[in-house]
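*Asks:* For the first sequence, position 106 (counting from the first letter as 1) is numbered 106 according to our numbering, and the numbering increases by one without interruption.
Any given hint could be a false lead.
Claimed, not checked - Derived CB-CB ranges, DEER-like:
| id | residue 1 | residue 2 | range |
| --- | --- | --- | --- |
| 1 | R265 | K154 | 20 to 30 angstroms |
| 2 | R265 | M309 | 29 to 39 angstroms |
| 3 | D283 | G425 | 15 to 25 angstroms |
| 4 | T410 | Q438 | 18 to 28 angstroms |
| 5 | D380 | T142 | 43 to 53 angstroms |
| 6 | S436 | M386 | 21 to 31 angstroms |
| 7 | A288 | M309 | 26 to 36 angstroms |
| 8 | Y375 | K160 | 34 to 44 angstroms |
| 9 | N508 | Q246 | 48 to 58 angstroms |
Claimed, not checked - List time: in silico SDA-like cross-link candidates among lysine to any residue, alpha-carbon distance up to 25 angstroms:
| id | residue 1 | residue 2 |
| --- | --- | --- |
| 10 | K448 | D434 |
| 11 | K412 | Q442 |
| 12 | K160 | V97 |
If you are wondering where the hints come from, they were derived from the structure by calculation, not from laboratory data.
As the structure is a computational prediction, the values presented were derived from the model and not from experiment.
For each residue, glycine too, the CB sits at the ideal point set by N, CA and C.
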Amino acid sequence: MPTSWADSVAAADNAAASGGNNRSAYVPPHLRNRQPSSEPPVLAQGGPSSGNVPSGGNRWGAPRNDYGRSGYSSGGGRGGGWNNRNGGWDRGSGREVNPFGDDEGATDVEPVEQENAGINFDAYEDIPVETSGENVPPPVNTFADIDLGDALNKNIRRCKYVKPTPVQRYAIPISLANRDLMACAQTGSGKTAAFCFPIISGIMTGQFPPRAPHMLRTACPLALILSPTRELSIQIHEEARKFAYQTGVKVVVAYGGAPINQQLRELERGVDILVATPGRLVDLLERARVSLQMIKYLALDEADRMLDMGFEPQIRNIVQQMDMPPPGVRQTMLFSATFPKEIQRLASDFLANYVFLAVGRVGSSTDLIVQRVEYVQETDKRSHLMDLLHAQRANGTHGKQALTLVFVETKKGADSLEYWLCSNGFPATTIHGDRSQQEREQALRSFKSGHTPILVATDVAARGLDIPHVAHVVNFDLPNDIDDYVHRIGRTGRAGKSGLATAFFNENNSSMARSLSELMQEANQEVPAWLARFAARASFGGKNRRGGGRFGGRDFRRDNSYSRGGSDYYGAGNMSSGYGAPSGGNGAPSGGYGAPSGGYGGSYGSGVTSAWD
DNA sequence: GCTAAAA
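Using the sequences and the hints, build the whole thing.
*Replies:* Dropping the structure here:
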């Protein structure tokens, strides 16, 4: 049984080797030759957790192995003797709309997009993976290696998922072991399923009190999934409904800009998993129509966005000021393609003894996306865009219309570009925060269907949205943050398919030159000579490319232990508190990142980011 | 300063 990080990697190696994919347990150079031998086995806290990923055989409804749970035994909320929450799980399933729209008495026969399911797994070979934390559960190679239960497995087959994507191979066992998780995985790699499967499975097999009677107007979900935009919440809800079909697990979505009454009615009918945007959730909490006291699972999608300046106070309010159980009692999972260190530091407030997971291609932005940068003066952008669109039209593809997503900086700019495109004969629509929710959803539908194959968008569409057939992402205005660039171009090249991203660059973007050219280099993209000159000239623009550069992110806890006595980037006092110190204080990487609760006292703060900027 | 998120 693995007792350290290094052992877990070894276990992963074996598992991978036996599965025929001997590159997936790639150990990056900076992690090789770490000797775990000086580490005492760290079993006191974690308990005999990681080795016991169930090997199938458990029937649905049979109690799952108690792997990894002992570490949380103090938590309560796990009281035995409750009725199974889903005791009457076939109640109402006759009325449940078939989200697949296929067989089995579907009342909703709208054909479903199957292209998503055709995941190109060849694109996922040879992917570097980094994990850290105590007793990291080993990855699995197939869905059959995990005991998710018959109902969930059936839905996985309905989704045409043949085998788990890399992030799913690693994240699902970690999550099934009831461990907190900070996961970094490239755009379009299947993160939603990675947190939904364990949540649904956990709710099905867990011993939870029955859903409150309909009379009670306060809904008490067991799981909360937060996301930064309404459309992303809608999308997560749609996916989660497929995964939860006929499992008895009820998924409800709540977001702003739409009438609240229908959402209230849905909540009254019972909810196990609530998918929400922060503003509407706060509203529901204030009205006492939702209580978080039963929350067992908390997932933040696009977690770095959720914890940046604009969102952080609201999230802190929801997670820390309401009635949600604390870290260690609930299970918390944070997912994103990007995870800046300063955000990791904030995020660790919400986590207990968590596993850090980074899964991604070298360079973190997938090299399935061909990235181009063109020097275009502000005044020439429109005609240049028109040239691109003309060329694309000339190359006309058969079958599905190729879609082009154009990102701009401002809402007004989006409107005016849309108007200009339309008046020049290009069928375009736009999505941004000044449009009504109806208009936003209509625009997205029209774009997805190919009816309006050009979508002009602000950053509202930058993250998470899974839009099949986006062939081209144009950064008409570059963002001011390289991470936003990564998310934007990630709207193409999804599910292992290729895509093209073109950026318009001029003097106004000089602060991005360095990070952009570094990112492109890491993704094996051709960097134009003029951009390299810009990058060399740029003084301190942009943000430092993350840590080792090989991953979309690195566990900031590692940096703490390795940063030359800990005084170069952070205050020395900060280093040894909370997460910083490995158990021996000798910089050994394995184990010992433990016991986060307390110990922080807000000791990080002002001075921390300055080293980067 | 921009974007997002409750009316």
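*Asks:* Evaluate each hint against the coordinates.
*Replies:* To see whether the hints hold, each was checked on the structure:
1. With their beta carbons about 29 angstroms apart, R265 and K154 fall inside the hinted range of 20 to 30 angstroms.
2. At roughly 35 angstroms, the beta carbons of R265 and M309 sit within the given window of 29 to 39 angstroms.
3. About 43 angstroms separates the C-beta atoms of D283 and G425, a value inconsistent with the hinted range of 15 to 25 angstroms.
4. At about 22 angstroms, the beta-carbon gap between T410 and Q438 stays in the expected band of 18 to 28 angstroms.
5. Take D380 and T142: their Cβ atoms lie about 52 angstroms apart, and the range 43 to 53 angstroms holds.
6. Distance hint check: the CB atoms of S436 and M386 are about 29 angstroms apart, consistent with the given range 21 to 31 angstroms.
7. Taken as a hint, the range 26 to 36 angstroms holds for the pair A288 and M309, whose Cβ atoms sit roughly 29 angstroms apart.
8. Checking the proposed 34 to 44 angstroms range against Y375 and K160 shows it holds: the Cβ atoms sit about 43 angstroms from each other.
9. The hinted range of 48 to 58 angstroms is satisfied by N508 and Q246, whose Cβ atoms lie roughly 53 angstroms apart.
10. Between K448 and D434 the alpha-carbon distance is near 21 angstroms, which keeps this suggested pair within the 25 angstroms criterion.
11. Only pairs whose Cα atoms come within 25 angstroms are accepted, and K412 paired with Q442 is accepted, the gap being roughly 19 angstroms.
12. About 19 angstroms separates the Cα atoms of K160 and V97, which keeps this hinted pair within 25 angstroms; it holds.
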